[in-house]
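Quick note: the sequence shown, position 472, residue 586 per the working numbering, numbers continuous.
It is possible that some hints are incorrect.
As the list claims (entries may be wrong) - For lysine-lysine, the following DSS-like pairs were computed, each having C-alpha atoms within a straight-line distance of at most 30 Å:
#1 Lys475 / Lys606
#2 Lys655 / Lys581
#3 Lys581 / Lys719
#4 Lys655 / Lys719
#5 Lys606 / Lys548
#6 Lys653 / Lys581
#7 Lys652 / Lys479
#8 Lys655 / Lys475
#9 Lys726 / Lys399
To be verified - Simulated DEER-style distance windows between Cβ atoms:
#10 Tyr684 / Ser579: 46 to 52 Å
#11 Arg513 / Ile337: 14 to 20 Å
#12 Ile732 / Arg513: 35 to 41 Å
Note that these hints are calculated values from the structure, not bench results.
Backbone N, C-alpha and C define an ideal beta-carbon position, used for all residues, glycine too.
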Amino acid sequence: MWSPRAAPRPLTSRQPPMLLSAAAAAILTILILAPVSRADYQEFLLNEQIEDKLNLLRPANIFKTQWLLEGRDDDHLARPINSSCASDLSLFIRALGNREPWALKMLDASSKVPSGLLQGHVIDMGMYDECLEVAGRHCMYELNPTMVGHDEHHFPLNPTLSLCLPASCSAQDVYRLLNDTIASERRLRSLGISVASATCTTVESKSSDSELYCLVIVMVIYIGFLVMCTLLDLRERHEAAERADCKAIASKSDAAAPETPTAGLTKTLVRFSFVRNAEAVLSTKVHEGNLPVINGIRVISTAWIVLFHEYFVQLFGVNVNVLDIPKWFSSRRSLYPLVGVFAVDTFLALSGFLMTYTFFKQIEKKKTFNVFLYYLHRFIRLTLPVAALVAITIILLPRITTGARLEWLQDIFVSGCRSKWWSILLYVQNFVEKDNYCLLHLWSLSVDMQLLWVSPVILLPLYRSPKVGMAIALTLFVTSIATSAALVGINKYSAIYLTRELNMPQVLGSFRDVYEMSYTRASPWLLGVLFGYEVTYKKIKPNKIIICCGWILSIAAFIFCILGTASFTYASYQYSPIWEIVFAAAARPAWAFGICWIIYASIHKSAGLLAKFLSWKIFLPLSRISYSIYLVHIIFPMIQIAALRAPRFFNEYSIIHSYISNLGLSIVAAFFFSLTFEVPMLIFEDIIFGSKKPVAATETRKSQ
115 MWSPRAAPRP
125 LTSRQPPMLL
135 SAAAAAILTI
145 LILAPVSRAD
155 YQEFLLNEQI
165 EDKLNLLRPA
175 NIFKTQWLLE
185 GRDDDHLARP
195 INSSCASDLS
205 LFIRALGNRE
215 PWALKMLDAS
225 SKVPSGLLQG
235 HVIDMGMYDE
245 CLEVAGRHCM
255 YELNPTMVGH
265 DEHHFPLNPT
275 LSLCLPASCS
285 AQDVYRLLND
295 TIASERRLRS
305 LGISVASATC
315 TTVESKSSDS
325 ELYCLVIVMV
335 IYIGFLVMCT
345 LLDLRERHEA
355 AERADCKAIA
365 SKSDAAAPET
375 PTAGLTKTLV
385 RFSFVRNAEA
395 VLSTKVHEGN
405 LPVINGIRVI
415 STAWIVLFHE
425 YFVQLFGVNV
435 NVLDIPKWFS
445 SRRSLYPLVG
455 VFAVDTFLAL
465 SGFLMTYTFF
475 KQIEKKKTFN
485 VFLYYLHRFI
495 RLTLPVAALV
505 AITIILLPRI
515 TTGARLEWLQ
525 DIFVSGCRSK
535 WWSILLYVQN
545 FVEKDNYCLL
555 HLWSLSVDMQ
565 LLWVSPVILL
575 PLYRSPKVGM
585 AIALTLFVTS
595 IATSAALVGI
605 NKYSAIYLTR
615 ELNMPQVLGS
625 FRDVYEMSYT
635 RASPWLLGVL
645 FGYEVTYKKI
655 KPNKIIICCG
665 WILSIAAFIF
675 CILGTASFTY
685 ASYQYSPIWE
695 IVFAAAARPA
705 WAFGICWIIY
715 ASIHKSAGLL
725 AKFLSWKIFL
735 PLSRISYSIY
745 LVHIIFPMIQ
755 IAALRAPRFF
765 NEYSIIHSYI
775 SNLGLSIVAA
785 FFFSLTFEVP
795 MLIFEDIIFG
805 SKKPVAATET
815 RKSQ
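Start from the sequences, fold in the hints, and give me the full structure.
Encoded structure:
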């Protein structure tokens, strides 16, 4: 049987006390989930007889429900809770009547009536740590928004509340207990209220399982190998320094002696040295043939994606002023993160451009193309960092943080990773279990890999028969645009994914059907392919008229994307199918054209100060770890949400403050993540392929 950390005094009273009325206030918010419309919501809240209905929801009623319903066979009642939970609830209620400190702590740790109800404050997490101090189980439950007037197509204001219960009670017991309490009261049943879901955390240790041990063993062996290589590198450096200081000159025969196998092996192993690779990552030396302007574009786009995800997590996080969010969407301030969705199109355009640029540079030298090695090269370079991230998410993330929202985090991220990890490593997760997500941001890796799979269909014809290759590329380009337009028009999706109304079915549908699919995101990538072909194969220097027209069109493209996005945020905007279709079809390729033109103009020395800024050497080290930044950055806002002890106020200052700290942490973490997982795979791939490196073997971080 469960027992608190402080044992209760002998119990004498068997009558369930009424002292739990304070905790019953937590249930109040099941009455306030009215429409998202601020006016309707507030009118509903003010007109309801809150105090009268609250009396029906006293915690005493909740905790004695199991006793009162015993023997009843009403169809609307759920099955009884388990006997251990019922027994411990009885112990808890009687201890509360005797004012035992541990019982009062459990009562105090449960949700109360939150302030700010008129602002949409419908989440109260109670006191997580106080509950666990007495070996209680902190449970969060979400209530269905089924009151009259609720519009299910808008942003859900599902109340999410907490109870501190004995550790023997499970989430299923919470679900049954609360629904039985509601079902036992006729006036509550008439409101159509019900508990949608419940999750519970415990004070039990989760560290003693085989998967954690396996991960630790693998990581110790792997990192131990890298440390050994680092020590070997340091020894070699020390010996080289000693030889440089030595005045004696080696004999001619010694200098010409063949290298021993040990020396050759040492030369290979030191390539995995942390020190050596850190120097390479931090170097600002630009190698011949590189395009330094791409470094700035990549770094700025990565930072923009981090900003968008920071806002996204905060929007759907735990906020006390939920009803202020639609106002924020209607303001100009929302443009900063909303336009950030085009950063993905920037990376797709870069991927297509760099792939084509490298392909034509190398095929002119090798004159051969091995499709298998072409695919294997990219798979090797991408997969170890992704696999490491998935393992960290599944095994380590739940163990490095605690909080009231930890179970929510596991349900959304960890459970999906456990069931579909294989689809992530095969880069097909955007086609598999589309309602079950694992690390949402990894969809773009799948898109990029899938586009790589079809690239030989375009690149080889472009090389052997340019007219045929151009026709294929243009056909696919038009098909991608038409597909996006058709899906938006048929399903009446918004062209910008997130809208002021926060219509959740539409948001999720748009993400699944349009946003994460390779065939709808191909147009920016194909533009990158065409620009890469123009730069590396045709090599035609543009005249001043073309340069001038190109800049006018690129600036117009950026303005179209920014102002077009802004038009959807206006409070006066009404859904226009034609405008939605036009913007969905034109915005992504327009943005990609602007990005490709900046690169094209920079190559032809026609980008002026912009090219100098984007080529700034400080961007080069950050560019090298941008792939790792993209992978790991989502971990930090996830941990923040999981570890929250109280709701936050949604405003720009707090989000930007959080963004700056998370971006800084992401850069630091990405640096070590890259040295541990990404760079070793680049070296491993180079050792395997050597001089047989496949055509278009561009660095992973150049295409992500």
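Going down the list of hints, with the structure as the test:
1. The suggested pairing of Lys475 with Lys606 is violated, with an alpha-carbon distance near 44 Å, which exceeds 30 Å.
2. For the hint pairing Lys655 with Lys581, the CA-to-CA distance comes to about 20 Å; that is within 30 Å, so the pair holds.
3. Under the criterion of a C-alpha separation no larger than 30 Å, the hint pairing Lys581 with Lys719 is consistent with the structure, at around 28 Å.
4. Under the criterion of a C-alpha separation no larger than 30 Å, the hint pairing Lys655 with Lys719 is consistent with the structure, at around 10 Å.
5. Note on Lys606 and Lys548: the hinted pairing holds, with a Cα-Cα distance of about 20 Å set against a maximum of 30 Å.
6. Proximity of Lys653 to Lys581 is assessed by CA-CA distance (about 16 Å); at most 30 Å being required, the pair is judged to hold.
7. Only pairs whose Cα atoms come within 30 Å are accepted, and Lys652 paired with Lys479 is accepted, the gap being roughly 16 Å.
8. Restraint check for Lys655 and Lys475: satisfied, since their Cα atoms lie roughly 18 Å apart, inside the 30 Å limit.
9. In summary, the hint linking Lys726 to Lys399 is supported, as the alpha carbons are separated by about 15 Å, within the 30 Å threshold.
10. Distance hint check for Tyr684 and Ser579: the Cβ-Cβ separation is about 49 Å, which falls inside the suggested range of 46 to 52 Å.
11. The hinted window of 14 to 20 Å between Arg513 and Ile337 holds, with their beta carbons roughly 18 Å apart.
12. About 36 Å separates the C-beta atoms of Ile732 and Arg513, a value consistent with the hinted range of 35 to 41 Å.
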